[in-house]
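With chain W held as given, fit chain U onto it using these hints.
Going down the list, the protein sequences come from chains W and U. Under the working numbering, the residues of the first sequence are numbered 1 to 317, in order. Under the working numbering, the residues of the second sequence are numbered 1 to 317, in order.
Keep in mind that the hints were calculated from the coordinates and are not lab data. Some clues are possibly wrong.
For identical chains, the list gives no copy identity; a pair is met inside one copy or between any two copies.
Result set (DMTMM-like, lysine to aspartate or glutamate): computed pairs, CA atoms no more than 20 angstroms apart in a straight line [said to hold, decoys possible]:
{"#": "1", "residue 1": "Lys124", "residue 2": "Asp222"}
{"#": "2", "residue 1": "Lys229", "residue 2": "Glu248"}
{"#": "3", "residue 1": "Lys91", "residue 2": "Glu111"}
{"#": "4", "residue 1": "Lys228", "residue 2": "Asp245"}
{"#": "5", "residue 1": "Lys115", "residue 2": "Glu85"}
{"#": "6", "residue 1": "Lys60", "residue 2": "Glu82"}
2 protein chains.
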Amino acid sequence: MERLDNRITRLFGIRYPIISGGMVWCSGAKLAAAVSNAGGLGLIGAGSLKPDLLREHIVKCRELTKEPFGVNVPLMSPYSAELMEVVIREKVPVVFTSAGNPKLWTDRLHENGIKVAHVVSSSKFALKAQQAGVDAVVAEGFEAGGHNGREETTTMVLVPSVKEVIDLPLIAAGGIATGGAMLACFALGAEGVQVGSRFAVSYESSASLEFKTLCTTLNEGDTMLSLKKISPTRLVRNRLFEQIDSAEQAGASKEELQEILGRGKAQQGIFYGDLENGELEIGQVSSIIRDIPTAAEIVERMMSEFEQEISQLRSLV
Amino acid sequence: MERLDNRITRLFGIRYPIISGGMVWCSGAKLAAAVSNAGGLGLIGAGSLKPDLLREHIVKCRELTKEPFGVNVPLMSPYSAELMEVVIREKVPVVFTSAGNPKLWTDRLHENGIKVAHVVSSSKFALKAQQAGVDAVVAEGFEAGGHNGREETTTMVLVPSVKEVIDLPLIAAGGIATGGAMLACFALGAEGVQVGSRFAVSYESSASLEFKTLCTTLNEGDTMLSLKKISPTRLVRNRLFEQIDSAEQAGASKEELQEILGRGKAQQGIFYGDLENGELEIGQVSSIIRDIPTAAEIVERMMSEFEQEISQLRSLV
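Chain W on its own, in the form it takes in the complex (with noise of 0.2 angstroms):
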């Protein structure tokens, strides 16, 4: 297919309704435009970037891309009213704001022409968002991985849930590698799909390749949401996984896990390697991922599959 048309790529500009989320120490410029380049919309993941950083990303995003791209801002970062201003000295065209009030920054983003989606985890924050008058919103589920939302609810259920809230168009996020599984959420109401974790595990993503190749060996039940004192957090089941969760089983404080979950973790284990001691942040749909292809390779096959599953469906009535 050409171009798929929908509100998703109409308001995005782009030809296919595949965004690759903001993963720390995963989407830098080098991915964010690959994907861009491929037809969808590449997002850099300002999470793990200080404001002159994103600003080097951004500059090069440009330099690799003609197309549209996004930055991710999660609202929690200490940095993000700095970040919000690199973002809109530097006119990028999109931005998805996550883990706090979308209030906050949407008028602000709108009136410099920047085109605002929010993350949510739930049909009340989706509302909230839509009232804050962003363009798009994205739906992500219990099996996303890295942070996520407390009431568990799955891409299965909040999708839809999501769907009969809001009239503003829909990204589902959460489980989504395959073109099957992106028609999956068409079926229940997305116009658009943002995949994690089949883009970190990419030629381009800025992940270790130790990180990388672990990802490509993990079956169901590697990961598991974790942290749910502090902020409940998808991880592969490491050392230091297992460090937690013994803790978390004899009832230790939200403090004593913020000691042995420590500082930089997420770094060291991403985008080091360190995969005993490290924070691998990675999502169930893990379990499928079998290969490092590039993005533009992933785009096309998710696309192949997507329209291969609608003709087998089409057969049924």
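Only chain U this time, still in chain W's reference frame:
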């Protein structure tokens, strides 16, 4: 649609690939017969039945329908062997086994001309079920109500994972209450759906009106997976849940949790309607269930939504 022709409808001799789950205190003869009369496959849930009562339900079900129906036998029931003898003596056409080893009964059931499906929560168990010679596999995700797998794999991830390792017809379960979700599961590789919560909250369900009415008011996050140290079970967050949860947070042992849970709490809650002190088993998808229709109405709605969604997706390519 008059009939959907695929491996699941052919296997069971039914018109629509919609199976009602064998839910304790909900799935008696009345519900099973209503689902079968509507063109699906109704299951009598033997988990809350002693052998004599199961026989009564089977006899009653035969009076209420001429269509095929089945019995779900949880293999961890203390009566599982006697329940199986009843099923074989009464020549029930279909048995769904769960919570145990599929090798135990499959051959014996087959020798008696009974079709066998086995419920799993992982692709590893799915492969074992296929090796045991079952006729179909049910893959049930984390969002499902009641007893659940330890690996917490969601329907969105589990269904394609199981599809990858087995050739048998696959039935998806967990989070499915609409034709849209049914189609989503088909896009993931399923050929049928097992629907629990939606039929638990139907006119013919044996659950108390108090329980059904409560379920129509639940929101996202109102059920949680609990009792992980005993046997993971999705429960409504009522007073009993909070007692269990506080104990779990404080590091309670399996024995301490068992004492809080006590006995007969599912009956107390679901059947007798003690909403605060009973064990209320229902899935996440209760958050979009807002009425108490007949089973026939549920089957009709799902099939009509299923067809409508296919037409909409077809226009995308």
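Results for each hint:
Only between protomers do Lys124 and Asp222 lie at most 20 angstroms apart by alpha-carbon distance; the minimum there is 13 angstroms, versus 30 angstroms within a single protomer. Taking the shortest alpha-carbon separations for Lys229 and Glu248, both the intra-copy value of 9 angstroms and the inter-copy value of 13 angstroms come in at or below 20 angstroms. In this assembly of identical chains, Lys91 and Glu111 lie within 20 angstroms of each other by CA distance solely inside one copy; the values are 11 angstroms within and 71 angstroms between copies. Both within a single protomer and between protomers do Lys228 and Asp245 lie at most 20 angstroms apart by alpha-carbon distance, with minima of 10 angstroms and 13 angstroms respectively.
For a Cα distance limit of 20 angstroms, the shortest separation of Lys115 from Glu85 inside one copy, 15 angstroms, qualifies, whereas the shortest one across copies, 64 angstroms, does not. Taking identical chains as interchangeable, the C-alpha atoms of Lys60 and Glu82 lie at most 20 angstroms apart only when both belong to the same chain, with a minimum of 19 angstroms there against 70 angstroms between chains.
When the structure is compared with the earlier hints, no violation turns up for any of them.
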